[in-house]
Structures are given as C-alpha cells and as structure tokens.
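S.K.: Chains as they are written, first to last, in the working numbering: chain D, 895 to 1227; chain Y, 4 to 281; chain A, 19 to 458.
Please note that the accuracy of each hint is not assured.
Below are the DMTMM-like pairs computed for lysine to aspartate or glutamate, each with C-alpha atoms no more than 25 Å apart in a straight line [said to hold, decoys possible]:
| id | chain 1 | residue 1 | chain 2 | residue 2 |
| --- | --- | --- | --- | --- |
| 1 | A | K57 | A | E169 |
| 2 | Y | K129 | A | D413 |
| 3 | Y | K122 | A | D343 |
| 4 | Y | K215 | A | E103 |
| 5 | A | K458 | Y | D63 |
Please keep in mind that the hints were generated in silico from the structure rather than gathered at the bench. Remember, predicted model here, so these are calculated numbers, not experimental data.
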Amino acid sequence: MFTISTAPHMNSPVTTQTLMRDVIIALMPAAIVAVLIFGIGALKVMLTAVAGCVLFEYLVSKYLLHRGNTVTDNSAIITGLLLAFNLPSSMPIWMILVGCFMAIVVTKMAFGGLGKNLFNPALVGRVFLFISFPVQMTHWPKPSFADFLNTDVQTGATVLGILKHVDVQSSATALSNQGASLADLPTYTEMFLGYMGGSLGEVSALALLLGLAYMLKRNVITWHIPFFYLATVFVVTCVFWLVTGNIKYDPLTHLLSGGLMLGAIFMATDYVTSPMSTNGKIFFAICCGLLTVIIRLYGSYPEGVSFAILIMNAFVPLIDKIFVPRIYGTGRK
Amino acid sequence: MDNLILLNIIILGLIALIAAIVLYFVSKKFSVSEDPRIDQTEALLPGANCGACGKAGCHDFATSCVKADAKSFSNLYCPVGGAKVMEKVATFLGFTAAQREPTVAVLRCQGTCQNAPEKINYIGIKSCRLANKTFIGRSGCPTGCLRFGDCVSVCKFGALHIDEKLGIPVVDEDKCTSCGACVNMCPRQLFEIRPKGTNGNRVYVACRNTQKGAQARKNCTAACIGCMKCTKINPEIKVENNLSYIPTTVSADEFGAELVKNCPTGAIVCTKPSVKDK
Amino acid sequence: MSAIKTFSIGGIHPDKHKITTDSPIREAGLPEYVYIPVKQHIGAPAKILVQKGDKVKVGTLIADADGIVSADVHSSVSGEVTKVEDIEGEFGWLETMITVKVEGDEFEPSIDRSQDVSKDIPYTAGEIVQIIREAGIVGMGGAGYPTPIKETVPFEKKPDFLILNGIECEPFLTADDRLMVERAEQIIIGAKIINKVLGIQNAIIAIDENKPNAIETLTNISRRYVGVNVQVCATKYPQGGEKQLIQAITGREVPPGKLPLDVGCLVQNVGTVYAIYEAVMKHKPLFERVVTVSGDACAKPGNYLVRVGTPASFLIEQCGGITEDVDQVVFGGPMMGTSAVNINAPITKLTSGILLLSKELTRHPAETACIRCGKCVDVCPMGLRPFAIACSVRDGFYDELKPLHVADCIECGCCSYICPAKIPLLDYCKLGKYELKKSK
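Chain D on its own, in the form it takes in the complex (with noise of 0.2 Å):
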C-alpha cells in the first residue's frame, strides 16, 4: 500500500540538525585561533562548558521534562561553544559548570527546551558568571601565541578596559588603576588577527569572519543582523570620534575589540532569540548596536554587547509583532 501524505511531497534536506551542524563548523576557526593564542587553557574551558552543556540538556530532557533525548539536535555544544566563547581562558571548571547550568537548565530548558527560550543561554550564562565572580571573569590572561604549555598567569587588560579608564579630557597621559595605559593597546592588525586580551572567541575577528562568511553561504542566517549590528556601531562611534578626535571613540577599536564581532555574528543572530521578519532583524540590529554604543561609553561596564543582547531579546517577542511582511497584492502604492 501507498503511503498518503498531504503536499508539499519533497522537502529540503536542511534540518535543525543540520543548521546546528553548520553553525557549529562555523565556530570552529575562533575556537582553534582561541587554543593558539590562550593554549590549553582555552582547550579546557572549551570542553568543560560544551560537556556541561549537553548534560544538563540530557538531565533535564530525559528526566525532567521526559521528552526523550533531545541532544541529538546540537544546540546544547552550541550554547556551550559560545559560553566557552565568552569566557576567559583561566576560568575554573567549577564556574564553568554553573555558567552552564544557568545556560541550560534555568534560560533554555525551564521555559519549555529549545525554540521556547527567551533569552540567549549562553549569554546569560555569561552575565550570570560575570556579575557573581567579577573577579575570575575579568582576568585576563595575557596572548602567547602558539604557547601552549605555557600556563603561568600573566594577565593584562582587554582593549575595552584601557579605554574605559582612558580620561576624556587628557587621553594621551591617563592611566588606568589596572596599570594599563595607551600604550599597551595592540595594532589594529593584532586586534584583527586576535592577539590580544579577551576572552577565548571574542579576540580574532578574521577568525569570527570566516564562520560568518560560512554561514552565509551555507543559508544558516541572512546578513542582516550582523551587518546592521556592526555598522551601527561603527558609525555612531564615528561621529563621536570625528566630533571630538578622542582615541576613545576610536571606531575601528570598538568594531575589532571586546565581543562585538562575536556577538554580532553569533550572538544576535540565535533564531530562537531574534526577530523573525526581516524589517524585525534589522530594527533588533541597530537597537543592539545603539545600546552597545552606550553602555561601552556611558555605562560603568567596559563592554555592553552582552547587556545589549540580552535587552533586547526582550523586546523580540514585541518586535515580531509589529514589524510583519508585507502581505501580496496589500500596502503598496
């Protein structure tokens, strides 16, 4: 006997798994840029988030929520990737795991598993990590590339940091109260490579690049988000900067340091957590690239694209709403 089914009767062969797949060998030239310049260190840390991740996915699906195994979908060594992402090299593994369990179990699985979720796991795993141990989240070990037995902590500011504490009025003598000065900030070069402070993804942004570029053509995302997020920032820093010439504005820096190309690329662009319509991904675009802008030069953090992520996350549900397609044959001319 024939099988019955309603039409379509073909379908594309891109599944979730698929598209995790992807994302995943997206990530991949910022993870191995992260093991050559942090050492093994950053190796760890990766692993330890990714396998906290999947199991407390695991846990919770088959004995919580009894739905089975839902691993099998990738998300969770997505969510744990990017956690790892965000975190510095030294981290212990026991923060590492909290971190995850903040990800997993309390952002993504307690509203329901993947597609339900709110907010961006990993992000909140990371503000989760970064407010209850300041100390150990802002440590940053200093770039020794292709050192990798090298463990001695030696730590130095990230970019974001030295700028933050650079004075307005005086830029070319302040120092900062972390021993940082003007001076220590890398080439544009290193930054664009990734030889510098920061935490483990966030530091090459060709490496961020590459996987973008990958997803592109792999029709993982639509361009939007990223290009709107980045070039809002680089052109509000901009104005700033040709109005008052302060190296602090400097757009370029803001575009190449802190986790801006990581987040723009792989944060802002979560399916779960960004809008869906296209007019809806350029408006969470431009609003997160305006909040990064602010809380970077306004607010007592150095960096705000986690925060700025995350706000607006809260507002998706809001954007869906208003900014629809325009239906055929309605709403023009």
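Knowing the structure of chain D, use the given hints to seat chains Y and A on it.
M.R.: Quick look at chains Y and A alone, frame taken from chain D:
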C-alpha cells in the same frame, strides 16, 4: 527631614484624591445600568460559556432568560446544566420550566481498528478535518471515523476520549452535556444528539455509510448495508440511500433487543439490550 | 530579450529533477477501458448525455456543461459506453464516471487530424468563445477553471497583458516544456486567437531559465508574429503561480480577493493555449493532454500524450510499472500535487504528471520543535507568517486567522518545504483556511 516626609504625604494624598474624584465621575458618567437579575441568573448557570444554548455565552443566555416572557422562556434551554439548572432559573424568574428529555451525543460509526482495519498509511498532521480533505480515510470508508480525535480536542467537558484498543472516540455519558461541539467539529457529521432514553436505554444505527452493501462491507464489517430488516420490525425506521435511520420515537426498551438481534452486520446499537428480557 | 525577471517576495529553490526534459512527447496508446469523470473542473458536474450501450466516437460530446461555471466533457476514445456510475477516484472517493470500452479509434468526422499548422483565424471573437466553450477547455495548469469564463471579459475590464504561463516550476514536470518545444508555433497562434478575443495585440510568453530549448524555439518563431514576446523568468518556485507571475512580469500585484483581470492581466497556461489552438483551428475538443510520468522510482520516465480517462496504472505500466521502491504515487507535481490512494484512477484534463516517488525522496521526517528561525516567513511568496498561522490553528484560536490573512495562502508548500523542524506548516494553513470558511 520632617518637612520632606510631610510634603510626600501631602503630594501623594492629593494625587490619590484627584484620582478618586476622576474615577467617581467617570463611573457615574459611563455606568451601565443592568438588571441585577441577569447577574443573579448567570450565577445559577454552569458558566462553561460553551454556546450550546445558541447564545454567545452564559451572560447572554442569562440576559435572554431575564428578558423572556413565559412563552419565549420555554424555548430557552441550557443543555449543559440540564433540567436541574433550568428548574432553578425558572423558579428564580418566576416561570415554569419546560420539561425536556436529557440528551447525549452518540457516535454513529463503529469503524474501530477491528471492524475497519487500516489499509492506508497516512503521514500528515493528526487532524480529521485535514485528513477528510486529503483522502478517504485510513480504513477506506468514505463516511467512517477518521480516528484523529478532533472531537476530543473540542470537548470542553472531557466527555470524549479515543479508546486505545478501538481507535475511535468513546462518549462518557455522565460527563456529556450534549453541548453539540463535537457535532459541529466532526467533518463527517458522525455525532448526533439523541435523548438518553429511559434508564439510559437508546437504540440507533451506528453507521453513516451510504454505499451499496458489498462495497460498504468491504471496508467495515459493522457497516449498515441497507438490508431493510429493521424496517420490518418497526415501520417508523426508514432506509434511504442504503442507510437505515432509527427515529428517536422508536422505543429502545420495546424494540432495541430485537433490532440488534436481527441486524446482520451489527450496525444497530442498543445501549441496554437486555432490558426487555428482564 | 529583456532581463530575467522574477517575483520579489519569498520563493525557494528545490531540486529540479527535470529528468524528462529531452524525452519527446509519445502517444500513450489506448487502454482497454477509459473512465471519464464528469467533473474535471471547478464548478458544477456536467450533465450526462449518454447511457449504457451508446456508441461513441473520439470527440463525441458525452456530458454537457451544467450552467456557466462548468465544462463540456467529450469522449476520448471510440467504443461503447458500458457503465455510467460512481467509481473510486484518485483519493478513494466515489466520483461519477462514464466508462467506455475501447473499440478501434474512430474520430468524429469534423476533427481535422492533419499535422499542418493553420494560421488564419476565420472566426469572430464571439464565435471563438463559443468554440472554446464547446470544446470543454479548462485551465490545464491545475486549477481547472473553465476557460471560456476567463475569456469573456467585461468590456470595461479589458486587460492590457496576456501572459502565457510556460513556467513549470514544479520539480519533475516537463509536460509544458516539451509542448513548448514541439508545438511552439501552435501555441503562438493560440495566443493570437486569445488576442483576437480580447481585442489586444500583445502576448508575453513567460518561460523559466532552465528551459533553454523552449526559450530558443519560441524566441525564433515569435519573431515572425507581431506582439508576441518571450520573457525569461528566474528559476524559482513558485514562479508559475498566477499572482507571482503577474508581479514578476508587470510589477502589479493582485489585491487579496481580486482577480488578475482587476489589474489588467490575463494568464493562461501554455497547455490551455495549445488546446485553444486545436479547438479553434482543428475543431478538436479537449480529450487528450500531455502528461509527464516521472519520479525517482520510475524506471522509464517520459512525456506522453494521453487520452483523458486513461487509468494512471495503464500509463505507469508503460513506464516500468510499480516497483518496490515506490512509496508514493503523486498526481501532479511534488510540491502541490496530491498523493493517490487509487492508482487506477483516470487521468483528467488537469493531470500534468504522474510521479512515482521513493522513500528517499519523500522522507517524512518527524516533526521537532519550532526554533523560530523565520525561514517560513522569508520564503512565503504571499508575505504571510506560516508559523503564526500554525500556532493559532494548533491552539484553536481561529479568530486570529483573519488578521493573519490565511485566506490569501496559495498553498504552494514553500513553508513546509523549507522548515528545518519539518513542521507541516502548509497543513496548518489549509486547516486554518477551512476553519475560516466554516466560521463565515
């Protein structure tokens, strides 16, 4: 410092006063006077807001009851609350309640997994309404139950469930309020609201198949084949389009057992066939 | 030739699978019996004119249009009517069909069976519409809307575009493609006939990019005819949807609830245009059509000229029969076609293809949770939000459906195709449409 506290109290007090005054005038100006009996009547109703009475909800029904005169009141009936509730409403409003037989929904199909085995492998969303548009049904019977349970999802009283073994919905007589939601939902109109019958004994044809005998039997062993045997037992029973229909006037106590015994396919169902023997 | 055009909202690129592009149209031959349904169109079933025992010839009128929205039905074979009763159709439902036992192949004498192309149109507009009506022509793209109604346009709504839809955006199907290659001139003359009815001078033949042969043939021949132009469109599904095609070619959009005529367009499938040519110039009613038999589980795929009423199983038998790989038999294209319960069901005027699909192709993966990726929103050619419709339908909030414009859904299946969670979004949309209609 004291001044500050005092100032706060005064300012907040003023705001509260202004708000109170505004609210007072607004409530006066926009107040809707409604017969208090409507709310009181509504309190007597089940509050399911199912719309089975033909009104937009319990409040609407209560309004109609209060506005009704003795004659039009007899046309109002809450099938969910049944005679008991109507009695209360009638006493409260000073009418006499019209007597109505209690009713129940019956499924006019016996296309169970045993009687009408599945022949077609169907993949799609589990919805009778969609399946009915897509194809004939997994058993091949054009009028048979599609077994996806749209009726179950629409029943507000939990009176329906898909029996695991049979595969078709089963009506829980005690919970069924004969609100008619399933009648409207079923894309093949398999449900019928029928009187419960004396002591819950009722007889009906549990089939809607109008195909010719052989064809109907091909897909379901319990199909009505239009053999006319039942019409000989009671002439009120009519066979049209190879399908028999037993009017509610046919007494189940009197004819039920005989009808069931003589139906060659078992399409006729009598809930308590042993009544007559006793 | 101007630039390649396409519609602006949504669309997908499914695998083409056009394996029969180069196989010429062959005569399918005559089965032992044909079963001709009296309703092969939208509207009222035709009134049956014959009874058991009557002798009919090819082209004999056997059922007469009942009212304006209805179409004549002609016998596709010569022989004896053996049964006029309800027979199991494609979905298993019973449909009224006229069964004819095939004896010989004798045509009605009025039919011109010569192969030469007649170019002069000897009739007036009114006469042409009458001929089309009497030939029982319906929209052969799949909708089955009786064609004469489309042609008899009120004077104040005279269209300024006649678009011939040569876009076969459904995977596998190549019937229209072959027709355009092999009967190019006839199609263009058909277009001129419709031009005469409408009183306009131009016709645009829309063909999608992946049919180079058809584009070349038609472009060459169209040079000889004033006003007939070929427009190449991008290969994108559902480019062949009437509304999408109009937008691609003219930039106009048909407002919800309106007809193409309201924006000055008339779209005709090339198969229909060819049928019009045959009816007007050759006096041949619509009793045969080109059908693609294909699919990944089909041993010998090909394009066939099939008499209406031929059982699909007869055709499948010629193409290698049903093998073990066949999981699903689809009437029509894989995106919008219907899967058949009964493969003995007849080919009708609307059957553009018979597809034998294997499990590897149809897949039916299990539904998983929506990840809100928004791909369904991106691909919907009507600008709807399928996920929102699915949520409302699933939760029973039917009053939300109207503002979601579910009635505008063209059921193209892009949303179900693209969904990475494999949610049958189209099913929910169809259910939503049903509920909306019911609540009216």
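S.K.: Which hints from the list above does the structure break, by number from lowest to highest?
M.R.: No hint contradicted; all consistent.
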